[in-house]
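**Student:** Given next are the chains, with one letter for each unit.
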Amino acid sequence: MKLFEICNAPIQTQDVINKVIHHNSGAVSVFIGTVREMTGEKQTQFLQYEAYVPMAEKQLEKIGEEIQTRWPKAKAAITHRIGTLQISDVAVTIAVSTPHRQDAFEASRYAIERIKEIVPIWKKEHYRDGEEWVGNQKGNVSYPLGHPEGIEK
Amino acid sequence: MKLFEICNAPIQTQDVINKVIHHNSGAVSVFIGTVREMTGEKQTQFLQYEAYVPMAEKQLEKIGEEIQTRWPKAKAAITHRIGTLQISDVAVTIAVSTPHRQDAFEASRYAIERIKEIVPIWKKEHYRDGEEWVGNQKGNVSYPLGHPEGIEK
Amino acid sequence: MVHILLFANLAQEAGTQKIEIEMDLPASVEQVRKKFKEEIGHLKGIDHCLIAVNEEYAEEMDIVKAGDTIAFIPPVSGG
Amino acid sequence: MVHILLFANLAQEAGTQKIEIEMDLPASVEQVRKKFKEEIGHLKGIDHCLIAVNEEYAEEMDIVKAGDTIAFIPPVSGG
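Order-wise, the sequence lines are chains F, L, W and B.
Going by the numbering used here, the first sequence opens with residue 1, and the numbers climb by one from there.
Going by the numbering used here, the second sequence opens with residue 1, and the numbers climb by one from there.
Going by the numbering used here, the third sequence opens with residue 1, and the numbers climb by one from there.
Going by the numbering used here, the fourth sequence opens with residue 1, and the numbers climb by one from there.
Honestly, the hints are just simulated from the structure, not real lab data.
Please note that the accuracy of each hint is not assured.
[Said to hold, decoys possible] DEER-style ranges, computed between Cβ atoms:
no., chain 1, residue 1, chain 2, residue 2, range
1, L, Q102, F, N8, 26 to 32 Å
2, B, E59, F, K73, 33 to 39 Å
3, F, H126, B, I21, 47 to 53 Å
4, L, M1, F, I21, 24 to 30 Å
5, B, G15, L, E113, 29 to 35 Å
6, L, Q102, F, T84, 40 to 46 Å
7, L, N18, B, K18, 17 to 23 Å
8, L, E113, B, K18, 47 to 53 Å
9, W, M23, L, N8, 31 to 37 Å
10, F, N8, B, G67, 24 to 30 Å
11, B, G15, F, I21, 45 to 51 Å
12, B, T16, F, T69, 38 to 44 Å
13, W, G41, L, Q48, 20 to 26 Å
14, L, H22, B, D47, 37 to 43 Å
Nothing here was measured: the structure is a model prediction, and the numbers come from that model.
Backbone N, C-alpha and C define an ideal beta-carbon position, used for all residues, glycine too.
All chains, please: the whole structure from these sequences, using the hints.
**Tutor:** Take a look at the structure:
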């Protein structure tokens, strides 16, 4: 069973949840990212996600280790889908179980923020009137410190 | 489709999630409460939940309205199970979708806190060495203000 | 007559979930609680319960009419 | 020789995801980036990319050996 995974097929959220439920978990916080149609005035028709797969899975595991350090009783699993996704398709599912609920919420939220910082996955929006690689259309977005915050070498 | 529901059968988390995903949701925060074996030194063998069912469903709907007021673009669904539950069984599933993730986390967390305040559901712990109705074994726990905070008449 | 509903430890101690009580009505929530204690006994925690009238939380001075359903709500512990 | 991997807008602009580059090695990450720009051209955003060596983020002065895999990582946008 792979706790941290990049996949091409639709994500089965229940499978991700089942990886983290155990006899001493009392709370599971699940985060599901879905494809939204409207962003401001822009209408998305579909998305494409691309990943540097082996490195992305390593980085997801690293997020798992960070969670373990901060919330020692937490158990986490993350699956991120790549390929072509339609409106309302699930792009990412994060599940974190803990004995008590506060930690579950915090760790789950931590995980999605870290995914957006350090995991080599890229999203291309296909709008009604064009397309763009998100966050880098003009090629002038850079990591302020030269590397994503908190990456350890 | 009932968004706020007390049920006797096992909760299908995916069904609850499906009630809130729509074309302009981008994030779903799901909270799942499961039966934990150890609470401090005490070992739970199983639990029983009892509810004042029609009123509990009304109170869950009220939580839904409170969420709507605070996060107007949120869509929420809550299912709470009653009856006998074994270790790791799901007692409650909350799903909240929003356009952006921060609101989803906040609203989902708000919902579980409110359930613990205003919804007439009671839990009886069956430990290895006895049993108790949680929060009221000594019969001296009371609501500090005479009514749960924020109940509107 | 009012319908009384009991739950959790209260139902367990009373040995029943439903009781009907005859009393002069309308009356206040406070008076119903008093009458209940006289008729059924002083169940543990009964003074600390919330009371719902017809499935809505009520205050001590709210009015109860004939045929209303009064539920004693011990501190909740769902979730 | 080093293996170069490109993603997202970089792969699209270059028209390929994989390139091999011949150069004197070992060299620094910075030198590989410079050599890449000389050989392949100045792809939009190439100077702002992170670089991973063998699937781990690297700094400008880290050393690249023959046979290493160098990935240019544009700002990520997963989740």
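**Student:** Next, verify each hint and record whether it holds.
**Tutor:** Status of the hints after comparison with the structure:
About 29 Å separates the C-beta atoms of Q102 (chain L) and N8 (chain F), a value consistent with the hinted range of 26 to 32 Å. For the pair E59 (chain B) and K73 (chain F), the supplied restraint of 33 to 39 Å holds, since their beta-carbon distance comes to about 34 Å. Under the hint 47 to 53 Å, the C-beta atoms of H126 (chain F) and I21 (chain B), about 32 Å apart, miss the expected range. Between M1 (chain L) and I21 (chain F) the beta carbons are some 26 Å apart, a value that agrees with the proposed interval 24 to 30 Å.
One distance hint, 29 to 35 Å for the beta-carbon pair G15 (chain B) and E113 (chain L), is violated here, with the actual separation near 54 Å. The supplied range of 40 to 46 Å is broken by Q102 (chain L) and T84 (chain F), whose beta-carbon atoms lie about 27 Å from each other. In this structure, N18 (chain L) and K18 (chain B) break the distance hint of 17 to 23 Å, their C-beta atoms being roughly 40 Å apart. For the hinted restraint 47 to 53 Å between E113 (chain L) and K18 (chain B), the CB-CB distance of approximately 51 Å keeps it satisfied.
Hint check: M23 (chain W) to N8 (chain L), Cβ distance near 35 Å, so the stated range 31 to 37 Å holds. For the pair N8 (chain F) and G67 (chain B), the supplied restraint of 24 to 30 Å holds, since their beta-carbon distance comes to about 29 Å. Checked against the given bound of 45 to 51 Å, the beta carbons of G15 (chain B) and I21 (chain F), roughly 46 Å apart, stay inside it. Checking the proposed 38 to 44 Å range against T16 (chain B) and T69 (chain F) shows it holds: the Cβ atoms sit about 39 Å from each other.
A hinted range of 20 to 26 Å for the beta carbons of G41 (chain W) and Q48 (chain L) is consistent with their spacing of about 24 Å. Here the CB-CB span from H22 (chain L) to D47 (chain B) is close to 41 Å, well matched to the stated 37 to 43 Å.
Going through the hint list in order, the structure does not satisfy hints 3, 5, 6, 7.
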